[in-house]
Amino acid sequence: MFLSLRGVTKRFGSVLAVDHVDLDLSEGEFVCFLGPSGCGKTTLLRLVAGLETLDEGEILLEGTDLSGLPARKRNFGVVFQSYSLFPNLSVARNIAYGLECRKWEKEKIKARVGEMLDLVHLGQHAEKHPHELSGGMQQRVALARALAPEPAVLLLDEPLSALDAKVRESLRGEISELQKRLGITTIMVTHDQDEAMEMADRIVAMNRGRIEQVGTAEELYWEPATRFVGEFIGRINMLNSPQLRAGFDGSAGEAALAIRPEHVVLSEGGAHSGKVRKVAFLGNTMRLGVEAGGQEIEIEVHGRRRRMNVGDTVTFDLPVDRVRRLAVSSQ
Amino acid sequence: MSVLSSKARASALPDSDRLFGVFTVGATGLLLVTFVLVPLWAILKNSFVTPEGIGLDNFVRYFTDARFVTVVGNTFEVGISVTLTTLVLAYGFAYAVQRTCMPFKGVLRIIALLPVFSPSLVQALGLQFLLGRNGFVNRTFGTEIDIYGFWGIFISDTVYAFPHAFLILSTALAVADARLYESAESLGAGPWRIFRTVTLPGTRYGIASAAFVVFTIVITDFGNPVVIGGNYSVLAVEIYNQVSGQANFAMGAVIGVLLLLPAALAVTGEKWIARRQFASLTSQSVPLVPRPNPARDAAWFAYSVLVALAILSLVAIVIYASFVRLWPYNLSLSLRHYQFDVQNGIQPLWTSISVAILTALLAIVFVTGAAYANHAFPMRANRILYFLAILPAAVPGMVLGLGYILAFNTPGQPVYWIYDTILIIAVCNVYHYHAQGFLLATTNIKQISSTFDEASATLGATKLRTVWRVTLPMIWPTVLAVGVFFFMRAMVTLSAVIFLITPSTQLAAVSVLYLDDRGALNQAAAFAVCIMATVVAFLVLTQLALRLAGIRGVNLVR
Numbered sequence: 001m002f003l004s005l006r007g008v009t010k011r012f013g014s015v016l017a018v019d020h021v022d023l024d025l026s027e028g029e030f031v032c033f034l035g036p037s038g039c040g041k042t043t044l045l046r047l048v049a050g051l052e053t054l055d056e057g058e059i060l061l062e063g064t065d066l067s068g069l070p071a072r073k074r075n076f077g078v079v080f081q082s083y084s085l086f087p088n089l090s091v092a093r094n095i096a097y098g099l100e101c102r103k104w105e106k107e108k109i110k111a112r113v114g115e116m117l118d119l120v121h122l123g124q125h126a127e128k129h130p131h132e133l134s135g136g137m138q139q140r141v142a143l144a145r146a147l148a149p150e151p152a153v154l155l156l157d158e159p160l161s162a163l164d165a166k167v168r169e170s171l172r173g174e175i176s177e178l179q180k181r182l183g184i185t186t187i188m189v190t191h192d193q194d195e196a197m198e199m200a201d202r203i204v205a206m207n208r209g210r211i212e213q214v215g216t217a218e219e220l221y222w223e224p225a226t227r228f229v230g231e232f233i234g235r236i237n238m239l240n241s242p243q244l245r246a247g248f249d250g251s252a253g254e255a256a257l258a259i260r261p262e263h264v265v266l267s268e269g270g271a272h273s274g275k276v277r278k279v280a281f282l283g284n285t286m287r288l289g290v291e292a293g294g295q296e297i298e299i300e301v302h303g304r305r306r307r308m309n310v311g312d313t314v315t316f317d318l319p320v321d322r323v324r325r326l327a328v329s330s331q
Numbered sequence: 001m002s003v004l005s006s007k008a009r010a011s012a013l014p015d016s017d018r019l020f021g022v023f024t025v026g027a028t029g030l031l032l033v034t035f036v037l038v039p040l041w042a043i044l045k046n047s048f049v050t051p052e053g054i055g056l057d058n059f060v061r062y063f064t065d066a067r068f069v070t071v072v073g074n075t076f077e078v079g080i081s082v083t084l085t086t087l088v089l090a091y092g093f094a095y096a097v098q099r100t101c102m103p104f105k106g107v108l109r110i111i112a113l114l115p116v117f118s119p120s121l122v123q124a125l126g127l128q129f130l131l132g133r134n135g136f137v138n139r140t141f142g143t144e145i146d147i148y149g150f151w152g153i154f155i156s157d158t159v160y161a162f163p164h165a166f167l168i169l170s171t172a173l174a175v176a177d178a179r180l181y182e183s184a185e186s187l188g189a190g191p192w193r194i195f196r197t198v199t200l201p202g203t204r205y206g207i208a209s210a211a212f213v214v215f216t217i218v219i220t221d222f223g224n225p226v227v228i229g230g231n232y233s234v235l236a237v238e239i240y241n242q243v244s245g246q247a248n249f250a251m252g253a254v255i256g257v258l259l260l261l262p263a264a265l266a267v268t269g270e271k272w273i274a275r276r277q278f279a280s281l282t283s284q285s286v287p288l289v290p291r292p293n294p295a296r297d298a299a300w301f302a303y304s305v306l307v308a309l310a311i312l313s314l315v316a317i318v319i320y321a322s323f324v325r326l327w328p329y330n331l332s333l334s335l336r337h338y339q340f341d342v343q344n345g346i347q348p349l350w351t352s353i354s355v356a357i358l359t360a361l362l363a364i365v366f367v368t369g370a371a372y373a374n375h376a377f378p379m380r381a382n383r384i385l386y387f388l389a390i391l392p393a394a395v396p397g398m399v400l401g402l403g404y405i406l407a408f409n410t411p412g413q414p415v416y417w418i419y420d421t422i423l424i425i426a427v428c429n430v431y432h433y434h435a436q437g438f439l440l441a442t443t444n445i446k447q448i449s450s451t452f453d454e455a456s457a458t459l460g461a462t463k464l465r466t467v468w469r470v471t472l473p474m475i476w477p478t479v480l481a482v483g484v485f486f487f488m489r490a491m492v493t494l495s496a497v498i499f500l501i502t503p504s505t506q507l508a509a510v511s512v513l514y515l516d517d518r519g520a521l522n523q524a525a526a527f528a529v530c531i532m533a534t535v536v537a538f539l540v541l542t543q544l545a546l547r548l549a550g551i552r553g554v555n556l557v558r
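If you read the sequences in order, they're chains A and B.
For the first sequence, the residue numbers in the numbering used here are 1 to 331.
For the second sequence, the residue numbers in the numbering used here are 1 to 558.
Among these hints, one or two may not hold up.
Label pairs and their computed distance ranges (CB to CB) [to be verified]:
#, chain 1, residue 1, chain 2, residue 2, range
1, A, H20, B, Y386, 31 to 39 Å
2, A, Q243, B, E182, 16 to 24 Å
3, A, D192, B, V22, 20 to 28 Å
4, A, H121, B, P473, 22 to 30 Å
5, B, L200, A, A327, 20 to 28 Å
6, A, S134, B, W350, 53 to 61 Å
7, A, E58, B, Y386, 28 to 36 Å
8, A, E58, B, R18, 18 to 26 Å
9, B, L546, A, S134, 26 to 34 Å
10, A, N240, B, L200, 54 to 62 Å
11, A, E169, B, L30, 25 to 33 Å
12, A, H121, B, V22, 57 to 65 Å
13, A, S14, B, N241, 33 to 41 Å
Hints were generated in silico from the structure; no laboratory data involved.
Given the structure is predicted, the values throughout are model-derived calculations rather than measurements.
Positions of the beta carbon are idealized from the N, C-alpha and C atoms, including for glycine.
Isolated chain B, as found in the complex (with noise of 0.2 Å):
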């Protein structure tokens, strides 16, 4: 008896793994390019052109304008200061949950992570009611506190940037070897002096970590400078003028090289650091529990709440806004701002809704598919593949967005027709927000042994049926998680997107914006209430869509 069949003997045949291996990996790769690469280029070559052709012309221009280094200085002035207040709040913030026994722990983290389902400009809306000219500590005190400028930015960024930092913090808290407090405590040091000696240290790579995330954030952040800058302009608001206001592409394009030096340099430093982030716990480390201690508690619960308090006060300003007939003269209250009789009405939500769909399904299937790419075919070009499926992590929104227009918007282009549509929007948001997705996919891929694959493969099975069969039945979950992650950005995201919409194709987070340009507040706030009403709705229900299948321990927000 022969053992192998005849089928099997004609290996010479292509062989069906490696063709849906080369056409994973070549399809993740062309994507890439087109929607990453290219765009980025197009910044580049755009930020050399000028009249007279190829040179560093612009860029002279650029620097021998005060007003736009100042602009420079500004960013950095922002990004340096905030990152350092917010660094320190955080941690302290983190320290609560994680190292003490305070009461309402939930409930604190809950509200801590409030400014991720809004878009960034909310906050300096909140801000605006709270301390802006006609706020509500001016107009209760009689005081003339100006909002308008960096610390209008300082404390609006610091808000956004706060869950972020808190997140990265508080698993760097989270694990602990109590062996080590033990000793300590046994050779007789005090608190002050394990926190400086064992606690510190042992988060420094989180600290790292947080400070680069943060920096990035703030200064590639749009939304809360335009809203609450004032005079005092940033990097992204200037590309924003020099764009949208001026139709200066070239200059707008030299301002996005400019933005996208730093970012990039934050992002590879925040890699490097993650990279040496092993084996400070082995699996003989014993998990620190925080032992109660009334006083201590007491304290950090306090400082907990007024952080709480202050993040809750800005949101809570804003929804309280969007109910009254007329901030700040007169506050009867009213549903009138929800009937959106402004611009395109309700539409925009709507739009929003379907292009943060249309985002999740394309991340789902595009940024899983990278990260299973990159992951089930070891070819050489994975190396480059990773590298373009974590390069956006490094893209300001602003630039990409810029990018897309530099690109696309020329009749003929390949992927033209997509240009005006809610597509293009959506394919700019997975692709703006695809390192966090990939690296979210790849980090639980990993996790699942390859003695699957193996199994699956000497059982017979070509990679097409084991990805259909055992893989995806592993972690779906991850890949929902996935979608969640883009939905929600895709509902809050404003830098991006700013560029690639048009009158047909008007987003929710854009409507905020244009109606606090118009001083219409009220209603302002009424759109900003509705985007975060649905982030949250659309959690809830999935939450529920997967208690009532029967399915716990999914932890959507990532």
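So that you can see chain A by itself, here it is in the shape it has in the complex (with noise of 0.2 Å):
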């Protein structure tokens, strides 16, 4: 394995930041650690470059322990949320700040520079300071300063959400087509699923200290293996009711059966049947919420059908195949 996190443990006073956290990422893969704020995949991060020292396990690249070796001499290069371009700098001056650091020739680092700025299409900006640039283009030039000193592994913590949407979209591509191009260990961490599903090879879903799944997107959001990542991505409905568990494995007992809004069909003479709470049409999606057997479900159809209304009884089919069983999320 290229990197590997063994029973990574990070403790902020009483807090357990960090728990036991075990991972590998092999060269070139990009992962992206994902969850809502204050899971600890930051943290996880700062601990991977340096800036936090872990209280347990340890970090492994290429075999070799790092834990003990500051941040300055790990060589992993970091895009941090806020831009965090040195104000004082040039574009240049900046990008050319971990060449310095390195004592490459200057010939060497005048055209790593050039090179580096082509690659993030700045390049006739070269001379101006950060403060004339605009947000995007700031991240880019971040970017592009990490990656100067060609660094083993690649670290972006939540490098969009500072960012606008329109930007954020096309920042998404243009990271992605860069880590392909370079074939770059690449670690993002982010609370945008949306980001992480596009962007990532791998998704490390995150709670509370501790990794809940790792997996592709595909596999998160068709095998959610428990009920946080079921939730966390996409929408998701708990069967709660006995009456619409009958049937599945393990109906009476306590586990988390569960089902995508999308996955529920609409047939007449269904199997169960609710009365319509509540209708949102959204284009070539509608979502209804039913009330069925005591409990509320949400059932996604999609394409041109008869208006539905609020009173409405409907009758649906829970299909067997389509039924996840999950794993009660850790305490």
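Two chains, two frames, some hints: make the complex.
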């Protein structure tokens, strides 16, 4: 394995921010840490970067333990959420900074800076200062600065969340493309599931300092392992009422049974019936809130259908192969 | 390809960042212990040393002497009365500047700050020219006002403390949430009720903070009471009498301890209040912008002009007196007092300027260094370091100065070699005003996002490189402001340095005192004018240099 985390643990006072995390990354992979705020994803990234010290566990890069190696010696490129460009240095000097720290020759630095500027399409802005650039441009400079010293791993800490929607969209594509082209192992922290699903090779879903599930976007969506993942990525109905649970494995027990709204099938003479409580028309999609068996269940239907009204009675089926049995999230 | 360089693997070697951290924190700590703790310890030790051994005899002797007990009472009488008066006057002035639309705010503000630019005895000197036995009022109106004593100290210290209270209260009144005022108004509250229920509670921390600061300044002030106190003695003057007059170091130390206690309490109170001062404003607050109201604005303008004139008159009369032949008998204008044909001539002014420059340079390195060390290297020792760094705020100048004599005036002592030089005076100034400079620098260093440090580290920079390439280029205006602050303080300070000067290291502020003591009032005034002119010229030149360098918006007086 290229980069391995083994039992990585970090406490802040009595709070367990990162709780015995194990994870393996192969070279050239793009991994996203995804989770709500406070789930420990940023702390985990900072531990990898060497900006926080481990309480327990180890982080191995090609088998070498990194603990005790301060951030500046790890050779990891980091891009921060707030544009952390040095305000007193020009764009070119910002990009050259890491190279100067590594005592590259002047000629080589100059060539490398030019190369990096071309990479992020900012060639004509070399002599500008950060405050003269837009947020998106600043973040591209930050990316170029992090990549210039040929880091072993690229770490992105919510790099897009300070930008407005349009810029975010285009930068997503740019970062992904850059990452593929350079083949650099990358970890990105985000709380935006769309971002993670669009960009990552694998997503690490985190909650309360622990990893809930690791997998591709498809795996996490179609086969969520835990209730947390099911609810955090997309929408999901938890089946609580005995009536709806009847006939499924473990229906009598405590098992968490769940189905995504688009998997519920509206059909004449379906096995269950309920009353429509909410109707949301969203264009090609219509979302219904249906009360059935003493609980609310969300149903999503696509395409043109006859108009539904609050108070209508509908019948539906819960296909066996679509109902997932989820593990209860850790604690 | 191995991604780690071979150098990186050798992490068992001491890391250069760690070395740098240990060095800066260690050096800062050592200096603070040497130049703050050791002198304080010397004072404490000497207050208990008697010919019969260690004991409380000195304190017993002090408190059984009725005269000494009166001195303690006097100190508190002056401290409390001046504090209350200054608070009321400065609150009104700050209110007028921040909350009304009166004209000439800028000029009035500068006049209010004037006393900061002169040694604390200048107010008393001006008062002598104005209300003294041969003063302007008594000579013009034939009255027989005797200003020496309580009232003299009261008036001159009120003027002296005024700018300090004004600055704090002005800051407190500058920020306010307009929504509160609008709701109060829409609920039908009149101006007086709004003032009582919104304005006053909104500034209560500022008021408390100003009260503690003014109280400390007044009870520790030496210059004004020594000039105009007459037979009305206070603790700061009494230390001087005991040490310089009678060479009674033990009694000086006892009085030092007595002065240290209330000052320490006041500073502790101020810090406690300051910590509570957050969260009155949120990001949603709407800033309050005063609206014109001709009648109200005129009334506040009249009040402010009156206060400003009072402050200005004390300065103006000193300047005037320095140019007349012989106050008050011959008022024809003359430059003869600027020939300085007495004592060491003009030399003390040059010494003062050298000391001030040296103080500023030392402060730039050591005070901003202390702030940086405290911020950049999270170690357990940092709490102690922080405490030591702000401890001097609680140490009156007279006490620190006496501590320096007691601690360092012993041959064979490691720092004895700086004794009798201008270096010890500069060092004493640095540590006398250490807390203010340290807090100024700390506030600004903290405002710089830690992401810059982290970004620099992940790019492979050592802390030392980060300081040079990133931190300093961002905080240099603050570093400069620290330098300017210490230069100004060093030019005008009197209390701490009075014990440390020698005939060859005589300072300008002390010259004013000696000349006044000898009755050479005109020369004293001329010397005082030179000090004020130097401070103002220095400020103007620095500001001009910044302008020429194309830099604007750097606030040098903070």
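Going through the hints against the structure:
1. A:H20 / B:Y386: 31 to 39 Å: At 35 Å between Cβs, range holds.
2. A:Q243 / B:E182: 16 to 24 Å: violated (56 Å)
3. A:D192 / B:V22: 20 to 28 Å: This hint is violated: roughly 42 Å between Cβ atoms.
4. A:H121 / B:P473: 22 to 30 Å: Because 28 Å falls inside the window, the suggested range holds.
5. B:L200 / A:A327: 20 to 28 Å: violated (59 Å)
6. A:S134 / B:W350: 53 to 61 Å: At roughly 54 Å between Cβ atoms, W350 of chain B and S134 of chain A fall inside 53 to 61 Å, so the hint holds.
7. A:E58 / B:Y386: 28 to 36 Å: About 34 Å separates the Cβ atoms of E58 of chain A and Y386 of chain B, which means 28 to 36 Å holds.
8. A:E58 / B:R18: 18 to 26 Å: holds (21 Å)
9. B:L546 / A:S134: 26 to 34 Å: Between L546 of chain B and S134 of chain A, where Cβ atoms are some 30 Å apart, the hint holds.
10. A:N240 / B:L200: 54 to 62 Å: holds (56 Å)
11. A:E169 / B:L30: 25 to 33 Å: violated (56 Å)
12. A:H121 / B:V22: 57 to 65 Å: With Cβ atoms ~45 Å apart, the hint is violated.
13. A:S14 / B:N241: 33 to 41 Å: violated (57 Å)
The structure fails to meet hints 2, 3, 5, 11, 12, 13 from the earlier list, while all remaining hints are met.
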